[in-house]
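Chains A and B supply the protein sequences, listed in that same order.
Going by this note's numbering, the first residue of the first sequence is number 7, and it counts up by one from there.
Going by this note's numbering, the first residue of the second sequence is number 118, and it counts up by one from there.
None of these hints come from the bench; they were simulated from the model.
Check before you lean on any hint, since a few could be wrong.
Said to hold, decoys possible - Covered stretches of chain A (in silico footprint by chain B; criterion: 3 or more residues with CB under 8 angstroms from a CB of chain B, positions within the stretch not fixed):
(1) 49-63
(2) 68-80
(3) 101-115
Unchecked claim - When the alpha-carbon atoms are kept at most 35 angstroms apart in a straight line, the in silico DSBU-like pairs for lysine-lysine are as follows:
(4) Lys216/B / Lys316/B
(5) Lys174/B / Lys411/B
(6) Lys207/B / Lys405/B
(7) Lys234/B / Lys390/B
(8) Lys216/B / Lys104/A
(9) Lys255/B / Lys234/B
(10) Lys268/B / Lys104/A
(11) Lys405/B / Lys216/B
(12) Lys104/A / Lys405/B
(13) Lys390/B / Lys316/B
(14) Lys316/B / Lys104/A
Stated by the list, open to error - Derived list of chain B stretches under chain A, where covered just means 3 residues or more per stretch with a C-beta under 8 angstroms from a C-beta of chain A:
(15) 265-275
(16) 279-286
(17) 306-314
(18) 394-401
(19) 414-425
Positions of the beta carbon are idealized from the N, C-alpha and C atoms, including for glycine.
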Amino acid sequence: MSEATEQRPKECPEVVTGIAASPGRGTGRVRRVLEMTDLHEIGSGDVVVARFTTPFFTPFVLEVAAIVTDVGGITSHAASIAREMGVPAVVGTRIGTKCLFDGQIVTVDGTRGVVYYV
Amino acid sequence: MFSQRLGQLETLCKVIAECSAAVPMPEWPPYVIEADSYLQEFYFRHVLSLLEEVERKGITVEQIGQVLLPSRVSQVMHSVYGMSASDLTKEERTFLVSKLLEIIGARRIDPFCTSGKNHLLDPALALQILNRCQLLTKTAVREYEWNQTAKTLGRINALLFSLCDLLHVCQHAASHEFQGPYSVNADRCFIIREYYNLKPVDVWGSVEAIPIDYFATIEVYQGVNIHFSFFNHLIPSQSLPDRLVGAYASFQPIDKTSGLSLEQLEGLLFQLKAFIIEFLARVVSLEKPDWIRKYIEMHYYVLKPLANLAGSDWRPTEAQILLLESPPNLQAASAFHTLSGLSHEEKIDALERLYRSFIFGDQSNP
Numbered sequence: 007m008s009e010a011t012e013q014r015p016k017e018c019p020e021v022v023t024g025i026a027a028s029p030g031r032g033t034g035r036v037r038r039v040l041e042m043t044d045l046h047e048i049g050s051g052d053v054v055v056a057r058f059t060t061p062f063f064t065p066f067v068l069e070v071a072a073i074v075t076d077v078g079g080i081t082s083h084a085a086s087i088a089r090e091m092g093v094p095a096v097v098g099t100r101i102g103t104k105c106l107f108d109g110q111i112v113t114v115d116g117t118r119g120v121v122y123y124v
Numbered sequence: 118m119f120s121q122r123l124g125q126l127e128t129l130c131k132v133i134a135e136c137s138a139a140v141p142m143p144e145w146p147p148y149v150i151e152a153d154s155y156l157q158e159f160y161f162r163h164v165l166s167l168l169e170e171v172e173r174k175g176i177t178v179e180q181i182g183q184v185l186l187p188s189r190v191s192q193v194m195h196s197v198y199g200m201s202a203s204d205l206t207k208e209e210r211t212f213l214v215s216k217l218l219e220i221i222g223a224r225r226i227d228p229f230c231t232s233g234k235n236h237l238l239d240p241a242l243a244l245q246i247l248n249r250c251q252l253l254t255k256t257a258v259r260e261y262e263w264n265q266t267a268k269t270l271g272r273i274n275a276l277l278f279s280l281c282d283l284l285h286v287c288q289h290a291a292s293h294e295f296q297g298p299y300s301v302n303a304d305r306c307f308i309i310r311e312y313y314n315l316k317p318v319d320v321w322g323s324v325e326a327i328p329i330d331y332f333a334t335i336e337v338y339q340g341v342n343i344h345f346s347f348f349n350h351l352i353p354s355q356s357l358p359d360r361l362v363g364a365y366a367s368f369q370p371i372d373k374t375s376g377l378s379l380e381q382l383e384g385l386l387f388q389l390k391a392f393i394i395e396f397l398a399r400v401v402s403l404e405k406p407d408w409i410r411k412y413i414e415m416h417y418y419v420l421k422p423l424a425n426l427a428g429s430d431w432r433p434t435e436a437q438i439l440l441l442e443s444p445p446n447l448q449a450a451s452a453f454h455t456l457s458g459l460s461h462e463e464k465i466d467a468l469e470r471l472y473r474s475f476i477f478g479d480q481s482n483p
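Using the sequences plus the hints, can you model the full thing?
See below:
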């Protein structure tokens with residue numbers, strides 16, 4: 007178990023589940039976006055974790071490995087742009103921003119709607 | 118005739134419920150619930166007046182359909198829950214919604230997209246258009262170059278979708294029409310996208326930095342099922358860039374034979390990215406009243422082509438703008454808050470009953 011995974015609060019489940027919004031699998035380092043200023047911290051290959059996305063996210067997530075959101079459905083903004091870019095996405099997890107932390111390595115399965123800690 | 122119309126309205130309630138159940142209460146743009154609560158006081162009377170005026174002028178539904186594309190009309194449908202708080206009678210509500218459906222039906226072969234298809238063209242004609250275009254194809258270039266093309270086009274589509282959402286303040290379908298899938302053969306299909314009105318100066322003033330006002334693509338895919346929703350969302354079964362086998366893109370309506378090159382697409386991607394980042398700095402300074410006003414203006418702007426046909430000003434009146442200073446009536450929006458915690462199926466059921474009550478004027482709670 008990695009150091010980052012050990013930081014996971016006990017109340018968080020083994021995997022984070024949500025709505026399968028954009029098919030495919032992507033692995034990368036978690037980058038939480040809780041404020042607009044966090045957008046500038048997103049790097050290529052990151053897994054972006056946010057409460058929800060807005061149109062302002064798009065220029066910053068063009069090269070990410072996956073997108074995970076707390077709220078949203080299959081036609082939400084995050085789901086729509088992820089499908090266009092072919093980036094895996096799981097939306098509506100409710101707990102993504104509470105259970106996934108910066109630096110953790112995770113695999114996002116956008117076909118099944120599951121986020122695994124690696 | 119009456120029973121046919123009734124049946125269509127019933128179908129509409131079901132379709133909107135299914136689409137809406139997939140989306141939680143919106144979190145963007147800011148203050149959307151308050152904005153909707155103001156809008157519902159006067160917006161539907163405006164829509165009805167425009168429809169009555171064009172009818173008085175003898176303008177046909179087909180003529181309206183030529184200027185008011187289906188996705189634009191479906192965007193108006195998105196707001197029909199607000200009718201419950203308007204002063205429209207039951208008859209006026211059903212007339213209004215039926216008329217909007219007729220306008221959609223003037224262009225869409227399946228008005229509700231219940232087949233998962235949004236066909237505005239006869240499939241044979243769509244195929245002729247495809248065959249006229251000189252596509253960039255997967256087999257004509259090296260693998261790396263094709264992967265770049267597919268990625269770049271996917272990113273442009275994501276940026277344009279976001280640009281539409283941003284500039285049209287959540288009314289994104291008011292500035293694009295995606296249609297298809299049209300069949301090429303058993304394993305291949307294609308879609309046609311048009312993004313238009315990408316410089317809405319009437320609402321935003323100066324937007325010269327937006328690199329284009331119009332963009333169209335034809336995209337050919339292999340081994341993927343693509344589903345279109347009533348609200349013009351596109352839902353594929355597989356990653357779209359991975360399945361792209363042919364593409365055509367243009368800054369002009371699709372009647373030319375040569376499309377943009379990969380280098381031109383990469384240039385556009387760079388410009389779109391830069392514009393949205395620059396625009397971010399401009400809109401973060403907007404205050405709550407600015408957001409609410411923009412949201413309301415954009416709902417009116419969606420109907421600008423209809424207002425032009427009616428010979429009316431498209432903008433909300435000063436009296437309506439003054440109403441924004443009074444406290445919002447959150448009654449209609451509050452109905453949606455009761456849905457949180459329900460399962461997806463329960464939500465669809467509850468939403469269908471809600472929409473029935475909004476359209477048919479039955480005020481009984483779901």
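For each hint given before, does the structure comply? Return the numbers of the non-compliant ones in rising order. The structure breaks hints 3, 8, 14, 17, 19; every other hint is satisfied.
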